[in-house]
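Asks: Turn these sequences into a full structure, and let the hints steer you where they fit.
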Amino acid sequence: MTLVKSRRRGVLNKTTRVMCSFLKRLPISSGRLQKKNHMHFTFTGTSNDPTYRTGTEVPVFVQTHRNVTICISLCKRIITPLISIQIYIRKIMANKDRNKTILLELGKLPDNNQCADCGAPDPDWASYKLGVFVCLNCSGVHRNLSNISRVKSIRLDFWDDELVEFMKTNGNATARAVYEKAVPAFYYRPQQEDCAVLREQWIRAKYERTEFTGETKYPPLAYTTGFYEGMLWKKGKEKGQFQRRKFVLSEKEFTLAYYNKEDPSKGPKALISIKDVNVTFQPEKIGHAHGLQMTYQEDSHTRSLYVYHESGEEIVNWFNAIRAARFAYLKTAYPTGSDKELMTRITRNYLKEGYMEKTGPMQKETFKKRWFILDSQDRKLLYFKSQLDAEELGVVFIGTETNGYSEREQREWVEALRQVISKPMQPQDYTTEANIRGKR
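In case it helps, full-length UniProt numbering puts the sequence shown at residues 1 to 440.
Careful, some of the hints might be misleading.
Said to hold, decoys possible - Pairs of lysine to aspartate or glutamate residues, derived as DMTMM-like cross-links and limited to a Cα-Cα distance of at most 25 Å, are as follows: (1) Lys181 to Glu208; (2) Lys181 to Asp194; (3) Lys352 to Glu298; (4) Lys380 to Glu193; (5) Lys331 to Glu253; (6) Lys364 to Glu392; (7) Lys246 to Glu298; (8) Lys246 to Glu229; (9) Lys352 to Glu415; (10) Lys237 to Glu298; (11) Lys266 to Asp299; (12) Lys266 to Glu253; (13) Lys269 to Glu314; (14) Lys275 to Asp299; (15) Lys246 to Glu284; (16) Lys152 to Asp194; (17) Lys152 to Glu208; (18) Lys252 to Glu298; (19) Lys275 to Glu392; (20) Lys380 to Glu391; (21) Lys368 to Glu433; (22) Lys261 to Asp389; (23) Lys352 to Glu409.
Unchecked claim - Now the in silico label distances, taken between C-beta atoms and shown as ranges: (24) Trp413 to Glu284: 28 to 38 Å; (25) Glu407 to Ser338: 29 to 39 Å; (26) Asp157 to Gln426: 57 to 67 Å; (27) Ser422 to Ser146: 46 to 56 Å; (28) Asp276 to Ser422: 41 to 51 Å; (29) Pro424 to Thr359: 19 to 29 Å; (30) Lys237 to Glu433: 31 to 41 Å; (31) Gly119 to Asp429: 43 to 53 Å.
Keep in mind the hints are simulated off the structure, nothing from the lab.
All of these numbers come straight from a predicted model, not from anything done at the bench.
Glycine included, every Cβ here is placed at the ideal spot set by N, Cα and C.
Replies: Written as structure tokens, this is what we have:
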């Protein structure tokens with residue numbers, strides 16, 4: 001508290017002392033008494049609560065010592081509401097801490113400790129309209145469903161008692177019982193490492209389109225009818241440009257066909273058996289957020305088609321329609337297999353992809369950079385000239401330890417190579433490198 005002295009020394013000394021004495025006793029965090037024209041003083045009260053700021057200027061006109069009581073009464077009338085506000089704020093903050101603790105405990109429950117949509121551990125967000133706990137990535141999709149879902153951080157945002165009670169009575173398990181009541185066995189449930197379009201369309205299918213509540217849909221969902229057709233952008237084999245092509249999927253015949261012309265009477269460019277088809281999303285590789293890679297066998301070689309669609313819903317429908325056809329084929333080929341066993345063989349993501357350098361079978365050819373794909377399900381290591389090639393250049397079958405493979409030997413070789421790689425290059429090393437490359 002500061003007091004600006006009056007030029008009229010001695011006139012207000014007693015008055016200001018009384019005022020200051022009174023103001024110091026008020027339960028206000030800070031204040032200052034400032035002299036203005038003649039005997040006009042202003043008291044400013046503020047709250048030091050970092051989450052709430054309030055300021056009120058109280059003009060006090062002091063003419064004589066007799067008006068001190070009137071001034072103090074005026075201050076009380078104006079400052080008392082500030083005190084009430086501070087008490088209210090303290091109660092709110094206490095409730096905030098209590099509700100935060102409750103939400104954190106709810107988030108540790110077995111059904112809530114993973115994201116309701118992608119399974120990511122320890123979700124920090126929750127939808128207070130759906131009653132589910134979700135991760136940061138999935139909360140972004142929920143924000144775009146403002147009519148259906150509203151999200152808050154369980155650690156940073158304020159939750160009132162009513163919202164906390166709603167989360168108590170709901171939770172991930174309750175929501176799944178409603179929104180995932182009838183998910184088809186073939187439908188792909190995204191995980192946290194899956195691409196954005198898969199997670200977004202899964203969330204929209206559940207909460208926005210309510211596709212899995214068990215209610216009869218009319219018309220039926222397109223990917224469940226056993227027949228699907230439409231236009232996709234397909235990468236050309238030679239020129240590398242994407243062109244619109246018609247695709248037709250038939251679950252009855254277990255085939256996937258595509259046409260260079262929209263008129264199907266001219267016959268398909270390729271007729272692919274569902275038996276050997278695999279589909280996997282490759283947005284980074286293809287350069288489009290909805291990029292999809294289809295692989296199949298043709299004359300003992302692996303062929304790849306790279307496609308996309310402008311609509312996220314449409315490309316995911318294609319993905320799940322192919323999965324539905326694959327699931328139907330597997331049930332025919334393996335009639336005794338359970339749904340759980342067959343689901344793992346419908347489609348798969350490749351374990352690892354990337355560039356490596358390889359030499360030829362004689363081990364004397366120059367090393368060349370090639371794109372490799374490790375298909376763990378079929379135990380194959382395929383390599384291509386580049387990452388978007390339509391046909392593989394070669395394939396290596398991956399056997400077992402009985403073929404002489406040893407994890408111990410692998411670790412020893414890797415460690416030995418690491419020791420060499422970690423050493424800095426010497427001048428003679430560059431000479432050796434040049435000689436070796438020159439001989440090849």
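Asks: Hints first: check each against the structure and report whether it holds.
Replies: Against the structure, the hints:
1. Lys181 to Glu208: holds (15 Å)
2. Lys181 to Asp194: holds (22 Å)
3. Lys352 to Glu298: Between Lys352 and Glu298 the Cα gap is close to 23 Å, so the pair holds against 25 Å.
4. Lys380 to Glu193: holds (23 Å)
5. Lys331 to Glu253: Cα-Cα ~14 Å, so holds.
6. Lys364 to Glu392: holds (22 Å)
7. Lys246 to Glu298: Since the Cα atoms of Lys246 and Glu298 sit roughly 20 Å apart, the hinted pair holds (cutoff 25 Å).
8. Lys246 to Glu229: holds (7 Å)
9. Lys352 to Glu415: Holds, at roughly 21 Å.
10. Lys237 to Glu298: holds (15 Å)
11. Lys266 to Asp299: holds (23 Å)
12. Lys266 to Glu253: holds (19 Å)
13. Lys269 to Glu314: holds (22 Å)
14. Lys275 to Asp299: holds (14 Å)
15. Lys246 to Glu284: OK: Lys246 and Glu284 at ~24 Å, within 25 Å.
16. Lys152 to Asp194: It holds: about 23 Å lies between the C-alpha atoms, which stays within 25 Å.
17. Lys152 to Glu208: holds (19 Å)
18. Lys252 to Glu298: holds (21 Å)
19. Lys275 to Glu392: At roughly 19 Å apart (the allowed maximum being 25 Å), Glu392 and Lys275 satisfy the hint.
20. Lys380 to Glu391: holds (15 Å)
21. Lys368 to Glu433: holds (16 Å)
22. Lys261 to Asp389: Measuring from Cα to Cα gives roughly 22 Å; hence the hint holds.
23. Lys352 to Glu409: Given that 25 Å is the threshold and the Cα spacing comes to 21 Å, the pair holds.
24. Trp413 to Glu284: 28 to 38 Å: holds (30 Å)
25. Glu407 to Ser338: 29 to 39 Å: holds (31 Å)
26. Asp157 to Gln426: 57 to 67 Å: The hint (57 to 67 Å, Cβ to Cβ) holds, given that Asp157 and Gln426 are roughly 59 Å apart.
27. Ser422 to Ser146: 46 to 56 Å: holds (53 Å)
28. Asp276 to Ser422: 41 to 51 Å: holds (44 Å)
29. Pro424 to Thr359: 19 to 29 Å: holds (26 Å)
30. Lys237 to Glu433: 31 to 41 Å: holds (37 Å)
31. Gly119 to Asp429: 43 to 53 Å: holds (48 Å)
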